[in-house]
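Chemist: Going down the list, the protein sequences come from chains F and X. For the first sequence, this note's numbering assigns the number 495 to the initial residue and increments by one for each residue that follows. For the second sequence, this note's numbering assigns the number 5 to the initial residue and increments by one for each residue that follows.
Think of the hints as simulated: they come from the structure by calculation, not from any bench. Fair warning: there could be bad hints in the mix.
[Claimed, not checked] For the chain F half of the interface with chain X, some residues (derived, Cβ under 7 Å), not all of them:
1) Ala536
2) Leu540
3) Phe543
4) Glu566
5) Gly570
6) Leu592
[Claimed, not checked] Label-pair ranges, simulated between beta-carbon atoms:
7) X:Gln8 <-> F:Ile554: 17 to 23 Å
8) X:Val472 <-> F:Val561: 35 to 41 Å
9) F:Glu497 <-> X:Val63: 53 to 59 Å
All C-beta atoms in this analysis are idealised placements derived from N, C-alpha and C, irrespective of residue type, glycine included.
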Amino acid sequence: MIEAWEYQVVAGLLFMIGTLGVLVRRNVIVIVMCIELMLNAANLSLIAFSRQWGNHDGQIFVFMVIVVAAVEVAVGLAIILRLVSNRDTVNIEDTSLLKW
Amino acid sequence: MIPQIDIGALGPMLPVAVGAILLPLAEVLMARKRTFLSRPFTQERRGTFLAVASLLCLVIALIISVNGLLGPSRVFNSGNPMIVMDGVAHFLNIVVLLGASLTVLGSVKYLADIHSNHGEYYALLMSSVLGMMFLTSASNLMMLFLALELMSIPLYVLAGFRRSSLRSNESALKYFLIGSFASGILLYGMAILYGMTGSISLAEIGKRFDPESAPHLLGAALVVVGLGFKISSVPFHQWAPDVYEGAPTSVTGFMATTVKVAAFGALMRVLAVALEPAAELLYGALWVMAVLSMTLGNVMAIIQQNIKRMLAYSSIAHVGYLLVGVIVGTLDGYAAVLFYLLVYTFMTIGAFTVVAILAKGGEDRDRVEDLAGLSQSRPLMAVVMTLCMFALAGIPPTAGFMGKFHLFRAAIERGIEIGDTSLFWLAIIGVLNSAISLAYYLRVPLVMYFRDAPPTSDPDVPGFFERVVLLTCLAAVVLLGIVPDDIFNVLSQTAASAQHLLLLQSP
Chain F
495 MIEAWEYQVV
505 AGLLFMIGTL
515 GVLVRRNVIV
525 IVMCIELMLN
535 AANLSLIAFS
545 RQWGNHDGQI
555 FVFMVIVVAA
565 VEVAVGLAII
575 LRLVSNRDTV
585 NIEDTSLLKW
Chain X
5 MIPQIDIGAL
15 GPMLPVAVGA
25 ILLPLAEVLM
35 ARKRTFLSRP
45 FTQERRGTFL
55 AVASLLCLVI
65 ALIISVNGLL
75 GPSRVFNSGN
85 PMIVMDGVAH
95 FLNIVVLLGA
105 SLTVLGSVKY
115 LADIHSNHGE
125 YYALLMSSVL
135 GMMFLTSASN
145 LMMLFLALEL
155 MSIPLYVLAG
165 FRRSSLRSNE
175 SALKYFLIGS
185 FASGILLYGM
195 AILYGMTGSI
205 SLAEIGKRFD
215 PESAPHLLGA
225 ALVVVGLGFK
235 ISSVPFHQWA
245 PDVYEGAPTS
255 VTGFMATTVK
265 VAAFGALMRV
275 LAVALEPAAE
285 LLYGALWVMA
295 VLSMTLGNVM
305 AIIQQNIKRM
315 LAYSSIAHVG
325 YLLVGVIVGT
335 LDGYAAVLFY
345 LLVYTFMTIG
355 AFTVVAILAK
365 GGEDRDRVED
375 LAGLSQSRPL
385 MAVVMTLCMF
395 ALAGIPPTAG
405 FMGKFHLFRA
415 AIERGIEIGD
425 TSLFWLAIIG
435 VLNSAISLAY
445 YLRVPLVMYF
455 RDAPPTSDPD
465 VPGFFERVVL
475 LTCLAAVVLL
485 GIVPDDIFNV
495 LSQTAASAQH
505 LLLLQSP
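Work out the full structure, taking the sequences as your base and the hints as a guide.
Modeler: Okay, structure coming up:
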């Protein structure tokens with residue numbers, strides 16, 4: 495039997511992996527994947543809490559988040575595609591025209 | 005139990021939603037070789053038509069919002085409300101709609117100037133405005149998150165609207181990455197708040213929130229950090245200057261004003277309703293954020309050579325001033341924030357419009373030197389720019405002075421009332437920062453009036469729409485500086501009624 499708090503531990507770990515990935519990785523695609531990981535960590539957490547409280551608010555929330563995540567990826571990949579066709583790179587350190 | 009649904013409460017959103025859906029359709033129909041008029045529209049006329057159509061939707065929404073502000077507050081669904089259309093929501097919607105209307109007017113010629121006259125611009129703008137309107141009225145975590153994303157995602161696209169420009173690309177990429185990162189943090193905070201309290205309604209969370217428990221506070225902190233990214237307060241501000249500089253100027257004006265208006269609406273609601281029990285701890289953190297925003301924003305703005313970048317740092321500083329009102333947390337404080345948001349929208353859009361007009365031949369002219377000699381060649385633009393700079397710096401008798409006066413007065417009055425010296429310090433640091441900000445705001449009029457234009461310079465003439473924007477901003481900046489007391493009293497009552505409603509709302 496899996497306890498409720500165990501889901502939260504997994505969600506917390508996923509969230510931390512995602513956050514760290516955004517902060518340390520330099521490949522834009524990987525960063526977007528890490529952001530998705532953060533959103534999905536929140537999803538897992540919401541589902542588990544929803545079960546724990548016995549109300550449906552959290553589950554409905556998750557459906558909305560899934561839609562938002564899909565939209566975010568669509569827009570994000572389009573932006574990255576422009577970057578690749580204009581500059582031929584997916585490394586975030588090459589995008590440094592604007593600073594200070 | 006079937007909840008009672010009041011569709012009429014969504015009145016102000018409907019015209020904007022209709023516009024956001026129909027505008028792309030209209031664009032496609034007009035782009036066909038054979039239209040119903042049997043001849044194709046030129047790209048320029050198509051742009052003008054779409055701008056006028058979206059302006060129409062915005063003005064209808066504006067009229068409904070003004071009516072709503074005068075009428076009683078309404079709730080979309082009873083019981084566990086998702087959308088509360090109270091006075092604050094209506095007022096912030098009015099500010100957002102005004103900002104969006106001015107942006108639409110200021111975009112027509114600018115888009116043609118930078119060779120990016122694509123019709124979807126207006127549809128994206130309308131979607132974003134729709135998100136902002138929901139954000140100001142959301143009283144439920146799910147609605148808040150959805151509205152925030154509806155506001156942000158079109159903006160990522162708009163920031164990268166100059167598809168072949170490397171700077172615009174980079175701006176969109178940075179905005180997208182940081183924006184989604186912030187959404188992720190915000191969402192996890194919301195999940196924790198839901199897990200700890202068992203409800204996603206702001207009012208319910210406010211009742212069950214336990215400021216002694218660490219997980220509760222972690223959720224609250226993550227939510228505040230997420231919103232801190234959206235309002236670009238220090239230390240979550242690094243993206244703002246880059247994004248503002250690279251994005252098309254009209255979009256920058258839009259991002260710098262309306263996004264902050266909507267995000268501050270959400271921040272005030274979350275802090276005053278859901279996180280009210282944790283007020284003392286959170287306000288300590290916000291105090292630091294406010295001081296850092298004011299100081300760092302103003303100091304960094306001094307060394308900027310690019311006007312858009314300078315205004316980006318100045319907007320960070322203004323977030324600091326606005327946070328003062330939020331920290332004060334009294335009705336006067338909230339009313340001062342509302343008033344300052346209105347004033348800030350006009351003065352910032354005025355300044356960005358002047359910069360947008362200067363763009364020519366596919367290139368932005370956004371360096372401070374590009375303004376040299378503007379007083380001789382284009383006196384109207386120079387006057388508007390000067391007044392906007394005076395207002396941003398807070399020089400009387402402009403609107404900016406009255407805005408800051410109300411903010412700092414609220415802080416000092418509250419400080420006397422509860423005997424808290426940290427509020428005095430906040431006001432003092434704010435006033436000192438206004439003095440620092442003179443250094444860079446006054447440089448702009450100096451360059452315009454006392455430096456001769458280079459012989460090659462030939463600034464663009466403002467078109468009809470742009471003239472309307474300039475004159476509106478001019479009138480607003482002057483008038484709001486002269487007759488602010490009446491408006492301020494109305495806002496005070498608005499904030500009072502909203503608080504009353506929110507406290508009653510919890511089932």
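Chemist: Against each hint, give a clear statement of whether it holds in the structure.
Modeler: Structure-based check of each hint:
no. : hint                              : result
1   : Ala536                            : 4 Å, holds
2   : Leu540                            : 5 Å, holds
3   : Phe543                            : 4 Å, holds
4   : Glu566                            : 5 Å, holds
5   : Gly570                            : 5 Å, holds
6   : Leu592                            : 4 Å, holds
7   : X:Gln8 <-> F:Ile554: 17 to 23 Å   : 19 Å, holds
8   : X:Val472 <-> F:Val561: 35 to 41 Å : 38 Å, holds
9   : F:Glu497 <-> X:Val63: 53 to 59 Å  : 57 Å, holds
In terms of the numbered hints stated before, the structure departs from none.
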